[in-house]
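Chains as they are written, first to last, in the numbering used here: chain A, 1 to 266; chain B, 1 to 265; chain C, 1 to 296.
Check before you lean on any hint, since a few could be wrong.
[As the list claims (entries may be wrong)] Result set (SDA-like, lysine to any residue): computed pairs, CA atoms no more than 25 Å apart in a straight line:
hint, chain 1, residue 1, chain 2, residue 2
1, C, K74, A, I256
2, B, K13, A, L203
3, B, K102, C, K74
4, C, K74, A, R187
5, C, K16, C, E78
6, B, K102, A, M105
7, A, K100, C, K204
8, B, K6, A, R187
9, C, K136, B, K13
10, B, K102, C, E129
[Said to hold, decoys possible] One side of the interface only, derived from the structure: several residues of chain C facing chain A at Cβ under 8 Å:
hint, residue
11, Y3
12, P83
13, D90
14, R93
Think of the hints as simulated: they come from the structure by calculation, not from any bench. By construction, the Cβ of each residue, glycine as well, lies at the ideal position given by its N, Cα and C atoms.
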Amino acid sequence: MNVYRFEIKRTWAGVAIWTLVICGLLVGLIVGALPAFLESRAAVEDMLAQFPPAFAAAFGMQMDNLFSFGGFYAFGFLYYALFGAIMASGIGLNLFSREKREKCMDFLLTKPRTRSGLFFEKLLAAVTLLLLSNAAFIATSLALYQAYAPAPLLPERALLSASSLLWTELLFLAIGAFVGVFARRVRSVSGASTAIGFAGFLLSALHSLLEEEKLRYITPFQYFHAAKAFSEGGFEANYALTGAVITLVLMIGAYIRYTRADIPAL
Amino acid sequence: MNLFRKELKSGIKPFLFWTLGLFVLIFAGIVKSSAAMADGQFMTQLISKFPRIVIATMGMANVDIAQFGGFYAVLMQYVFVLTAIYAAHLGSGAVSRESVDKTYEFLFTKPRSRAFILSRKLLAALTFLTAYVCLNFVFSLLAVRQLALTEDYTALFARFSLTLWLIGLVFLSLAALFAARFRVAEHGARAGNLAVLGTYALAVVYDLLEKPGILRLFTPFRYFLNAEVIGGSISAFYALVCVALCVVFLLDAFRCFERRDLGAL
Amino acid sequence: MAYAIETKKLTKYYGKARGIVDVDLAVEEGEIFGFIGPNGAGKSTTIRTLLGLIRKSGGSATIFGMDCEKDKVKILSEVGYLPGEVFYYDNMRAIDLLRYSASFYKKDCNKRIAELADALSLDLNKKIEDMSLGNKKKVGIVQGLLHSPKLIILDEPTSGLDPLMQRTFFDLIQRENERGATVLFSSHILGEVQRICDRVAIIKEGRIVDLRSIDDLRKNSYKKVSFTSEKPVANFSLAGASQLLQDGLVTSFLYRGDINALLQTLSGLPLVNADISEPELEEIFLHYYEDQEAAK
């Protein structure tokens, strides 16, 4: 497990900073704006009264979902997911292209360890870091939920919703790992992970803007939908499945490549 | 100069990749805008009831999405971010490409001053940025033609493209400066990307404050307010600020680059 | 005789381009085996195939009787590899890297690390990236030897070392060999090979063109002869002499044949000075090739 320890030692600091940023943002948004948001419900209801009754009725049904802890939580989610995606794809890129970037493939791969074993130790290190980061996030979310959400409390739903960040990050970890293993050169981990994270962010923003349901299949931030987790008690099966399948496929692809590739001389 | 040409050749592949992203964003955005705008009236009223912070996080502050102009402004928000990242990538690449590829011994022992070399590389970077912004203009025009709208939005697109270019200049030169200053190329790249992220966050904060005031100076994303650009004007002051920042950053970048030791990571 | 390394018809193609073709090697346990050839001949490819860094296209390769692909992990615990170009992780001190390297082997290597670093005068507390090339190579040497491997594979190991360091390095290798380690040593610097190897294989364009002992190679090759005479010698001829050059009083040629005939001829001449020497392996090597080409 020395590779595991090595990778964690080299990576945990960056992860800690990102976690602080994400949790800080979470606290800031909920503490700073949730009360005001819930209060604005009255104003919205007034406004709705001016619209034709059928329209108002259709939208009215979503009011409860919107003006809840869950609905508001989902607003910020776009940003937690942005930072989380950058962090997670950065971890994937970092760990799985480390030897390639620092030109010491020979060093590691001539050690008495199967390539398979090396891959899994790195993967375990990555997942450990993500679990720790999300433990902090989930704990913070739950604490805020207890403090700020109106009764009745449904902590299981809060837990599920908060976990959506973890599943999303696992997907981006797989993306980062895949790119890291397959790319001939990785010049800048920061550059690539920012680009990947923002790509996810832009796809999500596009989807919100255009309200096209089919777009959700290519909107990674919304495979595990935080708001729906709250309102309906679960992720939507088809999107969650899409996310899980993509994660697995990319990870398996990275594994196969890592274990089978020829390593020519520098 | 063959250096300039070589820089253009090696930057073509990333350029095409980023252009593809731009294309998708603009075309998908504009062609489908009718759907968004139809609800626009309602959305605008609804959103106006939300507390400022929510409006700010949705990126919909100070804008009327029912109008095409307003919709385009929201779309442009995202193009700005995309462009800022690409500009940062261009700027830091121009300075530290050889250091990262370990080919600096080849290039910097040729009979050319460092300033000469850097200037040619930055010129190539600038060319890509300009081309990118022009494509933004062209894509917007092409996309809007699919909609058969009555008004002519060419001038609006031109204004937004100009502001896009100016903001891109700032991020390009800032990233170049970071790359020149930091001993380790990766740290420089990280600083550039964090600058984009950070200023974007600041822009959201700007939207949510009643009287943001001086904050505007710190976030290029709000140098040119949507309301102004839609209305038909581009702040001359902030245009000047962009150019000034670009010049200052680049001068410092040149200075640092001249003096630094090559051979670090 | 137990073979440390044995390959039979080992072949590697990179797509359509040939890497190595039908390479047969047999390195005996306890010997120092040289592996020479021009750049691009296939030395690195062969070595990297043995180590499992690249997959062979055909043939077989075994180390200590174990298959290189199937038993890779077991093999690698007894192999030390010193590559030609040495890079390590950023931001690490030498001692940190060496301890990390040691953690892969089920032995306590601390004593060995200290011994080796001492022998090479290596400061273990410096960051590797701040070291000169020579010192980085020293780290590489310690890294390859710290687990007292039974087989040491060196791929152009002395590029970048100053002559004193080269001597120290070869002394180290020889001591390891005396301790029972087998050494496979690839190089295109023939002076090194000549100095320490028992046998040598020559590879060219992916194929082994010969495999012999060093002494054997010399026996079948030339002696360099040059003499200075009191008066210019006209019409000098001797069976077995070739590449005759006469410059004023100095005559030089290459001689292959009975040494007595040579000495008798020379003793008949009024000499001021005579020089008979073993050619450098380099010269043997090049001539060897010329012979092959001429023979075709």
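When the structure is checked against the list of hints, which entries are broken? Sort them ascending. 3, 4, 5, 7, 9, 11, 14
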